[in-house]
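2 protein chains.
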Amino acid sequence: MQNVYSYQQLYTFSKNIFLQIGCSEANAAIAVKVLLSADLRGVDSHGIARLTGYIRLWEVNRINANPAISIVHETPSTATVDGDKGLGLVVAPAAMQMAIDKAKNVGTGWVSVKNSNHFGIAGIHAMMALENDMIGIAMTNASPLVAPTFSIERLLGTNPIAVAIPAGNKAPFVADFATTTAANGKLEILQRKNEATPAGWVQTSAGQPSTDASEVRNGGALLPLGGDKEHGSHKGYMLGSIVDIFSAILSGANYGPGVPPFPAYVPMPENMPGEGIGHFFGAMRIDAFRPAADFKTHMDKWIDRFSSAKTVAGEQNVVIPGEPETAMEAERTKNGIPLQASVVNELVELGKKFNLSL
Amino acid sequence: MQNVYSYQQLYTFSKNIFLQIGCSEANAAIAVKVLLSADLRGVDSHGIARLTGYIRLWEVNRINANPAISIVHETPSTATVDGDKGLGLVVAPAAMQMAIDKAKNVGTGWVSVKNSNHFGIAGIHAMMALENDMIGIAMTNASPLVAPTFSIERLLGTNPIAVAIPAGNKAPFVADFATTTAANGKLEILQRKNEATPAGWVQTSAGQPSTDASEVRNGGALLPLGGDKEHGSHKGYMLGSIVDIFSAILSGANYGPGVPPFPAYVPMPENMPGEGIGHFFGAMRIDAFRPAADFKTHMDKWIDRFSSAKTVAGEQNVVIPGEPETAMEAERTKNGIPLQASVVNELVELGKKFNLSL
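So the sequence lines, in the order shown, correspond to chains P and Z. My numbering numbers the first residue of the first sequence as 1 and each following residue consecutively. My numbering numbers the first residue of the second sequence as 1 and each following residue consecutively.
Just so you know, the hints here were simulated from the structure itself, not pulled from any lab data. Among the hints, a few may not be true.
[What the hints assert, rightly or not] Cross-link-like lysine-lysine pairs, in silico, DSS-like; alpha carbons within 30 Å at most:
no., chain 1, residue 1, chain 2, residue 2
1, P, K229, Z, K229
2, Z, K33, Z, K352
3, P, K229, Z, K170
4, P, K296, P, K334
The following block holds chain P by itself, in its conformation from the complex (with noise of 0.2 Å):
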């Protein structure tokens, strides 16, 4: 079963439950704008459905409500970045946006992030460069399900890249992907409907192929971007390993399995070697290369050049990365947002904590 709720009924329930968690009436509207993206933008595993599991770390203490973000080093082009403990839904855009402001000044900027959390979905980070006319990047690191290429052990997270690209009329390239076969997300919508995986998604913990959408939950693991060697699964994990380099061996954050977990009830990693989880974003003035009303008539062409291929005998046109979440954007911010009645639930429980209705 499911309901359907508004945009801005979610909006206002929860920006109320991070009041009074303590966030800033800034924040707070930040944290929300970012979280709910997910929900609209049809990515519903990272929306407010997570609301909850934020809620829960700031309750072990594992989020700082009223984060003192700071700018520990910085060159012209760079700045490395302490999110002391913040949501990372309000670290991120901050140090987006510190990137950007570095870009408007010298061409580019590049920040990596050291003691944030999750940070809800990587595109909305990088899609804040589009309005600038740059091109936005941003990653993160997140807690270890992936195992590497021969490896039974989990020493990677999901570890998504985003790219964001500005076009002209066209809508914009926004490409935003786990660097595993499938993300996790999908995993868990096989798990609630005792489903099998394909082939390449998951390994027993014993690192044999599986197509149990419970091995992960079993001591099991994720497969990189690939599936297996024959199939290219050690660019999935290098691709892996670059987002965690660079969100935080450049940082200072947690690295490898030493990053720390999103559910709450699952205990820190023994011997940390950083602070808590890294990120890394970049945006690039498109006329630090070209002039953008150039480059915007070339990406038009691309998309339209990729949108009109001939396609395989009763297959869909080629997607152009970002089009279905704009379309879905746009539906649902007109017909509402819908929520499955086990989310419904949990959040009308959180509410109660709090003396809230949705």
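Go by the hints and put chain Z onto chain P.
The following block gives chain Z in isolation, referenced to the frame of chain P:
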């Protein structure tokens, strides 16, 4: 049958060839160093086996042996470079050096290049950053052999990405990979042996799954990393697209199906939207984020942890990107470079044209 040649033999021969087509002493030396780095690192498909191909491009006037490589647009952290139809083997190191110089000044440097040609292996350009205690990034678009998810048409090249990251006592982390399930070189090896490919590498000209290593030659296509939608091929397609856009739409090079071919006998595409092939380079100074010594200490720890991961029964260790290539380089520098008989024959024929013997 294989013949083994010393690096110095191949260096002298190749350099003389480049001098014969009119390269300057300095450019011939750079071109050979880049070209043979592929042979040393074990990427045999991109090394001296391609020398004849480069010379054929010069013969049909698609390569300018004496390019005036110039910056056509710049900011403190960016540049757009016109390669003047030069050898990519020469244009790429020049552009990467510009990125490094900008990083020295403002923390990072980013260079997009148009009007270039094939640049050899991406990794060697990214690695130029290492000796400067910088992270290096290199990518290039290439002629269309890859069908995006759902497409029958070949719209992207194998569009590789390389990222080189310095470590302390350990060998550097060097990722260098095509954004396809398998690089074209691997396909060519199977073709020669008349062997089938694994599933997920290629499709027929009608877009159907195939394991025939000759598909690409017969109008089929290589598949993006992931293989098919269920296994994440839209992610490989997004990665290839990002490389195409950064390399060509930022710079004004050709993109998508308009990228010129490597074989000189293949006609140029119609209605080309830009100039030549495009590349993109980045350099980030480590100490623009944190002291280089701290970074390297943690990179060594990262490498140690991943190297020592428990592995699947019967499998080798988790491989650190670049480690096998570093070992191969040491081995071949000492013991020489094995060349296939067919490559040797081609080189002997090439030498005859210029009165040079191998």
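Starting from K296(P), check that the Cα of K334(P) is at most 30 Å away, please.
28 Å, holds
Has the given pair, K33(Z) with K352(Z), been kept, meaning a C-alpha gap of at most 30 Å?
Roughly 22 Å separates the two Cα atoms, so the pair holds.
Take the C-alpha atoms of K229(P) and K229(Z), compute the straight-line distance between them, and say whether it is at most 30 Å.
Distance of about 18 Å is within 30 Å: holds.
Does the alpha-carbon distance linking K229(P) and K170(Z) stay inside the 30 Å limit?
Status holds; Cα separation ~24 Å.
Comparing the model with each numbered hint stated earlier shows that all of them hold.
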